[in-house]
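K.L.:
One-letter residues, chain by chain:
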Amino acid sequence: MNLHAIRAIYLYEMARTGRTLLQSIVAPVVTTSLYFIVFGAAIGTRIAEIEGVAYGAFIVPGLVMLMLLTQSVSNASFGIFMPRFTGTFYEILSAPVSALEIVIGYVGAATTKSVVLGLVILATASLFVPLRIAHPAWMLGFLLLTAVTFSLLGFIIGVWAEGFEQLQFVPLLIITPLTFLGGTFYSIDVLPPAWQTVTLFNPVVYLVSGFRWSFYEIADVRVGVSLAMTAAFLAACLAAVWWIFKTGYRLKA
Amino acid sequence: MGGGPAKLRPVQPIISISKLSKTYATGQQALKNVDLEIRRGEIFGLLGPNGAGKTTLIGVVCGIVTPSAGTVTVAGHDILRDWRAARTMIGLVPQELTNNAFDSVWGTVRFSRGLFGKPPDAARLRRVLEDLSLWERRDSRVMTLSGGMKRRMLIAKALAHDPQILFLDEPTAGVDVELRQGMWQAVRRLRDAGATIILTTHYIEEAELMADRIGVINHGEIVVVDDKAALMRRLGRKQLTLELQAPLEAVPAALAARGLALAAGGRELVYTYDAQAEASGIADLLGELEQVGIGFRDLRTTQSSLEDIFVDLVRERR
Ligand SMILES: Nc1ncnc2c1ncn2[C@@H]1O[C@H](COP(=O)(O)OP(=O)(O)OP(=O)(O)O)[C@@H](O)[C@H]1O
Ligand SMILES: [Mg+2]
Chain A
2 MNLHAIRAIY LYEMARTGRT LLQSIVAPVV TTSLYFIVFG AAIGTRIAEI EGVAYGAFIV
62 PGLVMLMLLT QSVSNASFGI FMPRFTGTFY EILSAPVSAL EIVIGYVGAA TTKSVVLGLV
122 ILATASLFVP LRIAHPAWML GFLLLTAVTF SLLGFIIGVW AEGFEQLQFV PLLIITPLTF
182 LGGTFYSIDV LPPAWQTVTL FNPVVYLVSG FRWSFYEIAD VRVGVSLAMT AAFLAACLAA
242 VWWIFKTGYR LKA
Chain B
111 MGGGPAKLRP VQPIISISKL SKTYATGQQA LKNVDLEIRR GEIFGLLGPN GAGKTTLIGV
171 VCGIVTPSAG TVTVAGHDIL RDWRAARTMI GLVPQELTNN AFDSVWGTVR FSRGLFGKPP
231 DAARLRRVLE DLSLWERRDS RVMTLSGGMK RRMLIAKALA HDPQILFLDE PTAGVDVELR
291 QGMWQAVRRL RDAGATIILT THYIEEAELM ADRIGVINHG EIVVVDDKAA LMRRLGRKQL
351 TLELQAPLEA VPAALAARGL ALAAGGRELV YTYDAQAEAS GIADLLGELE QVGIGFRDLR
411 TTQSSLEDIF VDLVRERR
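First to last, the protein sequences are chains A and B. For the first sequence, the working numbering assigns the number 2 to the initial residue and increments by one for each residue that follows. For the second sequence, the working numbering assigns the number 111 to the initial residue and increments by one for each residue that follows.
Excised from the complex, chain B in its bound form (with noise of 0.2 Å):
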């Protein structure tokens, strides 16, 4: 694995989904029309709420859900026709928490290896596991595990083969927040590596943080896909709240082309504007309100979050 600084690295995808779809036996169209690309070496983050589709979507590129219809590749490999070369590359993390309760760590990690057609390597195996501070209890038996360590050690026994991509399907549910950050270090130093790293969250804060490029799934359906600054500057706001010292009736007709608006009943004047532009126009709409003779006694600014586009996002399409 190559690794490199990021303006490098080429945009080029190295997971291609076109049409996919996915019913399941049961009638539930989980998957409409998913069309996809993942860029090699970054970190995707794909955010939906529950039932959306993240797990199903992992499922089918990573061979564990047969889809409806549509294709997938991996590095150019069919997920169908090309399934070992594409299964290679990959280390899945999965949602729920399963394990072999009567196996050692070590043994688990050392079977992922060799599942994955990997000789064993035990420095290898070793350095995953310190990397996930599972080092220590290397030789207790899984079901001995804090629920925290259980998750750590789904996520050594993926990178066991050393995969070039990395799924990880709410990887910090049950993680505590030190253990958190060093998981996300991790994961950084994956990617700095080389890894492409594709992990779902409902903890948004955690994609804002991680994440490089994000995707928006609702519904079975991708909403928005972008970069993570771009995807705030597009649909992020920022507003300017000023609370009045005298009530106002109306936005008075000088400051018309501003795009104010009321609240409070009148006693708050709210002004919204672009975040990223290179002029707020904060100054300007100051010394306007002077000349019209409107006074203010406090004032504060909030941002919408990636959180507000997201919930903004599905509310949208519900």
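With the rest of the complex left out, here is chain A (with noise of 0.2 Å):
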């Protein structure tokens, strides 16, 4: 294991964080509060309670969800991104690093991020909305498990896009609509029975369910199912980052 080599990557990518530490924590955490102060207080107190909790604290964890997804994709594709695009890669490529590190690095670095990011959005909700966490390691394993899987999934964004454009387009067009569809603002009961099944195609409603659930014990789907998803997707963006190193796909010429 080139232990330095992880830890120079990983040190470096904190350092960008640190450049750009308006855009990486500042941004998100002012967006979020937004969401609070609409939807929690000026919304909020005219929707009635769902199971018993309060309309502005059932929508917390859906909007850290939303949050660590987007950030945690953009975060990991800009990371590996970069290098491509200005051709520093060739440095990572001619040193003696095997893919698992080049991967702990720059996924370590991202899913850092995301974490110290949720984190601080949840204490962000804390001064907006009364919050309680019924499971706290679930919901820190949840936000874990959710960071290391969506940094990765950054990371293959990252290595699969060819321009800004593409780069943009998957958070901005796919993660958010997916997070916005996937019970952040609402229970999947609300909606018609149809509906409710096309729903359960939406990994974000495992995402969202199961991290609920770690604060509320309310739940659209077990969290048994919650976890087996999360897992499995994980498991998925793993197979296809191992792929991209094997083939050398878009990385190597």
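No lab work stands behind these hints: they were computed from the structure. Among the clues, some could well be false.
Which residues of chain B face chain A? A few of them, derived with a C-beta cut under 8 Å, are [as the list claims (entries may be wrong)]: (1) Gly-224; (2) Leu-225; (3) Phe-226.
Cross-link-like lysine-lysine pairs, in silico, DSSO-like; alpha carbons within 27 Å at most [to be verified]: (4) A:Lys-253 <-> B:Lys-260; (5) B:Lys-129 <-> A:Lys-247; (6) B:Lys-142 <-> A:Lys-253; (7) A:Lys-253 <-> B:Lys-129; (8) B:Lys-228 <-> A:Lys-247; (9) A:Lys-247 <-> B:Lys-142; (10) B:Lys-348 <-> B:Lys-338; (11) B:Lys-228 <-> B:Lys-260; (12) B:Lys-142 <-> B:Lys-129; (13) B:Lys-338 <-> B:Lys-129; (14) A:Lys-253 <-> B:Lys-348; (15) B:Lys-338 <-> B:Lys-142.
Short derived list, chain B residues pointing at chain A, Cβ under 10 Å [to be verified]: (16) Gly-161; (17) Cys-172; (18) Trp-193; (19) Arg-197; (20) Gly-217; (21) Lys-267; (22) Arg-298.
C-beta: ideal position from N, C-alpha, C; glycine also.
Make one complex out of these two single chains by using the hints.
P.N.:
So, in structure tokens, the structure goes:
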């Protein structure tokens, strides 16, 4: 294991966040605060409680997930896309580092950022709405698992993308809609039965449901199913990354 | 790295390239069955016109380009099976000026050292930067450097992990004359410390000045590899041109055996000879000319440079 290399990549990526602290941390916090002000304080008071949880509090896990997914994907994809774009990736290709070490460095840094961000958003949320966390260990577990999984997805997108448009395409046009339709702002029980079935094909439903369960013990699908689906998605992303390095897809001539 | 005078250096290859071919996804065949050995401790000059395959060859050895066929070993380590050991030994200065614009010089050099598995060593990195006159700019952001400084920063990155083999792909493009001298001095110092250096350049004088051995590549094939001196001896020519007082119709029969030729409509007599031979035969020739009564007004000699040799070789294959 080339630990010095992992350290170098990880620290490099963390330093990049330091330089772009505003986009990385401040912007998502401001965005979520706006959600809480609008949906929690302003509109939320007029919406009925869901299974005994005030609406403002109900949406907290979903909003954390929304930020976690978009930030993991955009952070990790940018981290690997930039050296490809500027051409500095030659150095990593020529270095004695394995695929695993490269992934640990890049994805590890993106995951760290996402988890920190998730916790910061939770702290922000607690300023606006009363927060209760029934299973803190599970909550952290879901947070970490989701951050790793979507940082891996971001890594894949960063390798696949051939320009900045494609880099933004997935977070904007796939992740955000899936999250909005994935039960962030409502329990899927409120949907007509046909739409409930359709919704079950949305992987984000399982993430949000499991995450929300760790707060309020209410869930759209059973926790075990949530966990299994997240793990399956993680496995799929790992397989894709493994294939990328095995074939040198878009990395090597 | 054990240094030593040039004569004691063993002539065993440090890089062995055998039957190496590369066809890109576009169908472009950039390397055709290349066999090449680089000796430990030498400066090897790789010469070739644009698109000859120099960068591709370097890319394969460094792990950036996947070979289509053939094998490469670095100090006995196969670059595919034993890639970690092979790559640890190599430093690469790429042809393209690529950089992370927002990083500091110091940060980017330190990153390189870590990436190649070496523990941090500030004193070592300081020496590398000082050698390349970059120490004063260590805190500057990369984008604020001039082109020549960026080039030197890439060299510093390549040297950050103390490689035993250094690839320089057109290292002096865009570097001014004075700094180029400094760069060559740094390269020589490296070689004297035991490193092996492979460089490509379009400045043939540079290869002539720097390299111990020279390989010429064209259309993905190695055309010739030899000691620089031997190459110039083998392929180099020297010519003596005599401006005659009166034009000649033909070379006199008495001088036929000397391989003379007429030029400039009979007003010049050209004698081609082996520059490295014991006796050039010039004295004899001038004596014979006097005997047959051919007078000359002036004379000049010209020697073919590596450049002429290179142009000849490349043209032959076209
Ligand atoms: N990534 C690539 N995909 C397809 N073809 C490529 C690629 N890289 C290089 N080539 C082609 O391979 C051939 C050799 O290119 P290479 O860069 O090795 O030449 P070179 O000798 O370094 O030239 P130069 O002196 O201009 O740097 C060229 O025909 C080039 O167009
Ligand atoms: Mg080139």
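K.L.:
A separate judgement is required for each hint: does it hold in the structure or not?
P.N.:
Structure-based check of each hint:
1. Gly-224: Holds, about 3 Å.
2. Leu-225: 4 Å, holds
3. Phe-226: Holds - the Cβ of B:Phe-226 comes within 8 Å of chain A, reaching about 5 Å at its closest.
4. A:Lys-253 <-> B:Lys-260: Between A:Lys-253 and B:Lys-260 the Cα gap is close to 24 Å, so the pair holds against 27 Å.
5. B:Lys-129 <-> A:Lys-247: 24 Å, holds
6. B:Lys-142 <-> A:Lys-253: Holds, because 19 Å separates the two Cα atoms, which is no more than 27 Å.
7. A:Lys-253 <-> B:Lys-129: 21 Å, holds
8. B:Lys-228 <-> A:Lys-247: 26 Å, holds
9. A:Lys-247 <-> B:Lys-142: 25 Å, holds
10. B:Lys-348 <-> B:Lys-338: 17 Å, holds
11. B:Lys-228 <-> B:Lys-260: 23 Å, holds
12. B:Lys-142 <-> B:Lys-129: 8 Å, holds
13. B:Lys-338 <-> B:Lys-129: 24 Å, holds
14. A:Lys-253 <-> B:Lys-348: 47 Å, violated
15. B:Lys-338 <-> B:Lys-142: Roughly 24 Å separates the two Cα atoms, so the pair holds.
16. Gly-161: At 15 Å from the nearest chain A Cβ, B:Gly-161 fails the 10 Å test, so the hint is violated.
17. Cys-172: 4 Å, holds
18. Trp-193: 7 Å, holds
19. Arg-197: 4 Å, holds
20. Gly-217: 7 Å, holds
21. Lys-267: 7 Å, holds
22. Arg-298: 24 Å, violated
Taken one by one, the earlier hints fail for this structure at numbers 14, 16, 22, listed in ascending order.
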